[in-house]
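> Listed here are the chains, written in short residue letters.
Protein chains: 2
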Amino acid sequence: MKKLITLLLLLSVFVPTQTYAQANADSLIIRKLFEESLGNGKSYEWLRELTTKIGGRLSGSANAAKAVVWGKNLMEQQGFDRVFLQDVMVPHWVRGAKEEAYILNGKQKISVPLVALGSSVATPKKGITAEVIEVQNFLELRALGKEKCQGKIIFFNRPMDAKKINTFEAYGGAGDQRRSGANEAAKMGAVGAIVRSLSSTLNDYPHTGSMNYGTGVALIPAAAISTNAAELLSKTLKENPQTQFFFKQNCETLADEPSHNVVGEIKGSEKPDEIIVVGGHLDSWDLAQGAHDDGTGIVQSLEVLRLFKTLGIRPKHTIRVVFFMNEENGVKGGQKYAELAKQNNEKHLFALESDEGGFTPRGFGIQGAKPEQLSHIQKFSKLLTPYGLTDIDKGSGGVDITPLAPQGVVLIGFKPDAHRYFEYHHTAIDTFDKVNQRELEMGAASMAALIYLLDKDMF
Amino acid sequence: MKKLITLLLLLSVFVPTQTYAQANADSLIIRKLFEESLGNGKSYEWLRELTTKIGGRLSGSANAAKAVVWGKNLMEQQGFDRVFLQDVMVPHWVRGAKEEAYILNGKQKISVPLVALGSSVATPKKGITAEVIEVQNFLELRALGKEKCQGKIIFFNRPMDAKKINTFEAYGGAGDQRRSGANEAAKMGAVGAIVRSLSSTLNDYPHTGSMNYGTGVALIPAAAISTNAAELLSKTLKENPQTQFFFKQNCETLADEPSHNVVGEIKGSEKPDEIIVVGGHLDSWDLAQGAHDDGTGIVQSLEVLRLFKTLGIRPKHTIRVVFFMNEENGVKGGQKYAELAKQNNEKHLFALESDEGGFTPRGFGIQGAKPEQLSHIQKFSKLLTPYGLTDIDKGSGGVDITPLAPQGVVLIGFKPDAHRYFEYHHTAIDTFDKVNQRELEMGAASMAALIYLLDKDMF
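Chains A and B are the protein sequences, given in the same order.
Residue 87 in this note's numbering sits at position 87 of the first sequence, with consecutive numbering throughout.
Numbers in this note's numbering are just positions in the second sequence, counted from 1, shifted up by 1000.
Keep in mind that the hints were calculated from the coordinates and are not lab data.
These numbers come from a predicted model, not from an experiment.
Positions of the beta carbon are idealized from the N, C-alpha and C atoms, including for glycine.
Check the hints yourself; a few may be wrong.
[Unchecked claim] Here are the simulated PhoX-like pairs of lysine-lysine, each with C-alpha atoms no more than 25 Å apart in a straight line:
| id | chain 1 | residue 1 | chain 2 | residue 2 |
| --- | --- | --- | --- | --- |
| 1 | B | Lys1163 | A | Lys434 |
| 2 | B | Lys1164 | A | Lys32 |
| 3 | B | Lys1434 | B | Lys1066 |
| 4 | A | Lys434 | B | Lys1164 |
| 5 | B | Lys1267 | B | Lys1072 |
| 6 | B | Lys1394 | A | Lys382 |
[Stated by the list, open to error] If you only want the chain B side, here are some residues facing chain A, beta carbon under 7 Å, derived:
| id | residue |
| --- | --- |
| 7 | Glu1035 |
| 8 | Thr1390 |
| 9 | Asp1417 |
| 10 | Arg1438 |
Please build the complete structure, drawing on both the sequences and the hints.
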């Protein structure tokens, strides 16, 4: 044993790359990161504050402004080397009075849960009443021809595919209906578009989300109905194709508002001009508290830096936590961050985003890495597997950090378990009580462990 | 499709060992198991029935008898080759009227949530009122000496260690207090034992569970208080060591009752006399609906056989689903099953149990396998990793199948994500709504995939 230790010591002097002894030391520090997060973590109480004291915080709203103040104060309390705001103009869309919607089947009038999609225009004050055409996709819509669609409401009813293991893939496979459904429907002369909620389950909570209008087409109102309502409407239409639908929504796009990204950093001890970013987005949809989307990413990112401070880990490179503004409907914060990074000649090495919920960590998705960089990161597996981080592979980084890609930054997406995410995503039930404390804290520690390894063992 | 089947048949004739083509064919079948479970699975609706129509089903209760009938009927509806009951006598402990408990601090009387532990005796009708001695463990208790403990209530307050990654390890590390606390306290002359709930979180739900008395010591009442109550009591004792505690419980052990294991099987096409078991336990504690413990294991095990039937997978060996009775307070069903297996000269190859909740699957724990058997099973990893089953290693099989160990059966425990389990375990909130449909269905398919591989590719 003594011989082995001597050998290891010799190796650690003469071998500059990862050695057995080094891996052991890293393993101890990673263990401490997890123990501190699970034993004395702050992320859960921070999340309670953000979600239950402030709540939903759509860009441009008073709550979003409160969240900026909250975030800056919290960072300042951590004793970071620098805390600052970045100014950014953001869209300001408001929902207005609660929506109303009915299925009108002959004399039957059945109320259904409906929410306006973000950026949509309102209906006329008296609402829209029209016959409904159900389609599964844009091809089917186009094949109908304009005459059939004129004056109708188009009902996009293709579900997220439950058979897919990866719920993000299922979400991606159905997302065009929400994003572009109104635009496609307007091209065919329709007067409104309703979309089956992008949900992995059947329930009564409609999911909002962003949508875009094209140029040169009419701006028709777009809304999502709950999955249960979509099932009911589809069934009713089969029984009576003359079924009508009524909806009324009161949303409005106001003038852009000034807002902020919130940034805090611990200066690097060796290369302070080289930056590693960890972040999430501070804004959320207005329907609920923005807990899993993306309160959890915010508090986990802040916890990464707190863990470093608390455990006395002095990073070689500057570690920066960023609370991005406006991921949900514009990505203006992410764009501004990248723009300023370029303008200020900042060298960013990595950016890690947590924006897939605060569930049990499974791994990381790596985007924009050279093959040797990817395999270098994958070598961390041995140290991360004991914590369930078994999925480290190519993948998407995150919406807010994507604008950094052209600067050659390696983008990393934190990947938690994804089976529950699309039950809550963009709905009224994305609330604090849906977040499990241990799962959240495991995630924060996982992110800290990866940042620790990236900082320490750069390629 | 027909060609594919022919090809598969040819392959299965000419290539006895695992080949690339074979792995590909297996991979397709595993994919189908997951797609069927996620797309058309029955486990979730079965669980809804068991938990919300029957509910809590402690051994010997009317509900447990109902669950046996429900289970047998359900198996018969599946068109299995054989469905039968195994008779077994089980303990019959009843909680009686709801417990009452108070912290008595001078003139303050604070009501706290308390539940009797399973098998405990009642308090006298007027309850027990006594001063409280808080200890962290048995060593500390013994060091106090009998004089200090005489006539007191001993309060075991060592929490589950939040810093442990594996919550089952944390549970194991605190479990002696619940199982043997009363016995140890009685040895010291105490009149009652109260235990901090074995919970991974702070809340107001006390966790029941089994306890045992020793021989030759007084049978003193044993109960668990919620973790919040434990924190409060500990704080109060620090302020006022003369604080008293009152509790009254009305539980009783009645005469043993006849009950049953419920068994269904698909006969093996090649070796019908060699058996692979998959199961969970049908009984649950009385406080709630027994959803994660162990309704999920029951419906997942049944779903394994349904998936085989529905997809037309004819196993080589007999696959048997077993709903074990009485895991919670006696394991009489598990013991009876093993006893009958021996008596009937049945050859059991593997037994797989799901009794760690219906959460996202992570892997399997293998017990009693020879090294070459373990490494053979671990070779399935490549086929199972795409479904998140990355943790296939030595581990514990399950309480109900443990009695099969002396017959040389390889025991396998299904290992789901464990971060939430000990919030619900043995409490009033172990209810249907805590189970996520996708997570449950992923688990059922994972179990089916492993059984498929074990059956097909035996060592």
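> State for each hint whether it applies.
Evaluation of the provided hints:
1. At most 25 Å may separate the alpha-carbon atoms for a hinted pair to count; Lys1163/B and Lys434/A meet this at roughly 22 Å.
2. For the suggested pair Lys1164/B and Lys32/A, the alpha carbons sit about 11 Å apart, so the restraint of at most 25 Å is met.
3. A distance of roughly 23 Å separates the Cα atoms of Lys1434/B and Lys1066/B; the hinted pair therefore holds under the 25 Å criterion.
4. The suggested pairing of Lys434/A with Lys1164/B holds, with an alpha-carbon distance near 22 Å, which does not exceed 25 Å.
5. Distance restraint check for Lys1267/B and Lys1072/B: the Cα-Cα separation of roughly 17 Å lies within the 25 Å cut-off, and the hinted pair is therefore satisfied.
6. As the CA atoms of Lys1394/B and Lys382/A are separated by approximately 18 Å, the hinted pair is consistent with the 25 Å bound.
7. A least Cβ separation of about 4 Å between Glu1035/B and chain A falls short of the 7 Å threshold, and the interface hint therefore holds.
8. With a least beta-carbon distance of about 4 Å to chain A, the hint placing Thr1390/B at the interface is held under the 7 Å criterion.
9. Restraint check, Asp1417/B versus chain A: the minimum CB separation of about 5 Å is within 7 Å; hint holds.
10. Annotation: interface hint on Arg1438/B holds; nearest CB of chain A at approximately 4 Å, less than 7 Å.
When the structure is compared with the earlier hints, no violation turns up for any of them.
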